[in-house]
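> Read in order, the letters of the sequence shown are residues 794 to 1077 in this note's numbering.
Quick caveat, the hints were computed from the structure, so don't treat them as lab data. Here a beta-carbon is modelled for each residue, glycine too, at the ideal position from N, C-alpha and C. Do not rely on the hints blindly, as some may be mistaken.
[To be verified] Here are the simulated lysine-lysine pairs, DSSO-like style, with alpha carbons at most 30 angstroms apart:
#1 Lys1052 x Lys1028
#2 Lys1009 x Lys1028
#3 Lys1052 x Lys1009
[Stated by the list, open to error] Now the in silico label distances, taken between C-beta atoms and shown as ranges:
#4 Arg1061 x Leu934: 45 to 55 angstroms
#5 Arg828 x Ser1046: 45 to 55 angstroms
#6 Asp1057 x Trp911: 14 to 24 angstroms
#7 Arg1027 x Glu903: 43 to 53 angstroms
#8 Ser967 x Asp802: 18 to 28 angstroms
#9 Glu903 x Arg828: 41 to 51 angstroms
#10 Glu903 x Glu937: 38 to 48 angstroms
#11 Asn909 x Glu936: 37 to 47 angstroms
#12 Lys1052 x Glu814: 30 to 40 angstroms
#13 Glu936 x Thr1059: 47 to 57 angstroms
#14 Glu814 x Leu934: 43 to 53 angstroms
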Amino acid sequence: MSLSTDPLDELSIPDGTTVEEHDLVTDGDVLMGGRSTVEFGIRGRNVLAGEGVRIGGGVEAEADCRLDMWSDVAGNVLVGRDAFIGERTHIGGQLMVSGDLDVGDDVDIEDGFEANGWIVIRNPMPTIVFLFVYLKQLMLLGEEEAAQNLVNELSDEEDPEEPPLIIPRGATVSDDAWRVSTPASIGDECRLHGNIRAESIEVGQDCNIFGSLRAKHDIYIGEGTRVHGDVTTRKGEVRIAPGALVLGDVSCSDLELSKGAEVDGTMRARGNITMQGIARRDVE
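With these hints in hand, go ahead and build the complete structure from the sequences.
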């Protein structure tokens, strides 16, 4: 993870992430900023949620799970190692923990809990908040190397290079729309449901996006990606790589379409349109 910027200032979706039967599934870690809402269930390696996060399904963490105070999970929480549950968190199903359980005051677990290790009832420190505040202070002091070393130590040693799925503070993620006030970066071979709304959007190769893309600034669509909706930007450029397919309209300031790309709709650009052998129905 790079520490040149705040790691929660971007929607970052790693390669191979999919939405499967109302679960958001990734091979790596999942980091959710405070006050974000995810109407899917979550399946990942380590799952860390900030204060006041709402999750509309269950949570399956292959390794650790940390839910900060005032979090709300609609379904079961299944944890492969240790769990840290902050005070006044609500879990609508059962909590099953293979390792140790550290749980705060006034935690409501509707269907009970079970842990194979130690169970400690107290107010555990809101881990994700502490981590990022501490990292930010190191960066403000110019100690970027020390901050990066800390992240490396905290990373799962089995696969430290696997990038996390990051949902920024205040985001809303659902089958209908992914709404963030930050840039959005989507990796290769992802399959996502919902309209993407962000400051700027970059989509990798061979993705399937069942929704539209809308941004204030630039939008890039990678090779072989299919967008089942419109692509719209207020002020930015849209670039569509070879073999990409947009099944709706495109509207932007400047438009650049590579050879082999296809737009199955109307293309509107207030500035320049650059095309190289593009299959198209209409250009305005």
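> Compare the structure with each hint and give your call.
Outcome of the hint check:
1. Lys1052 x Lys1028: 24 angstroms, holds
2. Lys1009 x Lys1028: 6 angstroms, holds
3. Lys1052 x Lys1009: Given pair Lys1052, Lys1009 holds - Cα atoms ~26 angstroms apart, limit 30 angstroms.
4. Arg1061 x Leu934: 45 to 55 angstroms: Distance hint for Arg1061, Leu934 holds at roughly 48 angstroms.
5. Arg828 x Ser1046: 45 to 55 angstroms: Distance hint for Arg828, Ser1046 is violated at roughly 32 angstroms.
6. Asp1057 x Trp911: 14 to 24 angstroms: Since Asp1057 and Trp911 have Cβ atoms about 58 angstroms apart, the given range 14 to 24 angstroms is violated.
7. Arg1027 x Glu903: 43 to 53 angstroms: 44 angstroms, holds
8. Ser967 x Asp802: 18 to 28 angstroms: 21 angstroms, holds
9. Glu903 x Arg828: 41 to 51 angstroms: 23 angstroms, violated
10. Glu903 x Glu937: 38 to 48 angstroms: 44 angstroms, holds
11. Asn909 x Glu936: 37 to 47 angstroms: Holds: the Cβ-Cβ distance is about 38 angstroms, inside 37 to 47 angstroms.
12. Lys1052 x Glu814: 30 to 40 angstroms: 37 angstroms, holds
13. Glu936 x Thr1059: 47 to 57 angstroms: 52 angstroms, holds
14. Glu814 x Leu934: 43 to 53 angstroms: 46 angstroms, holds
When each numbered hint is compared with the structure, violations occur for hints 5, 6 and 9.
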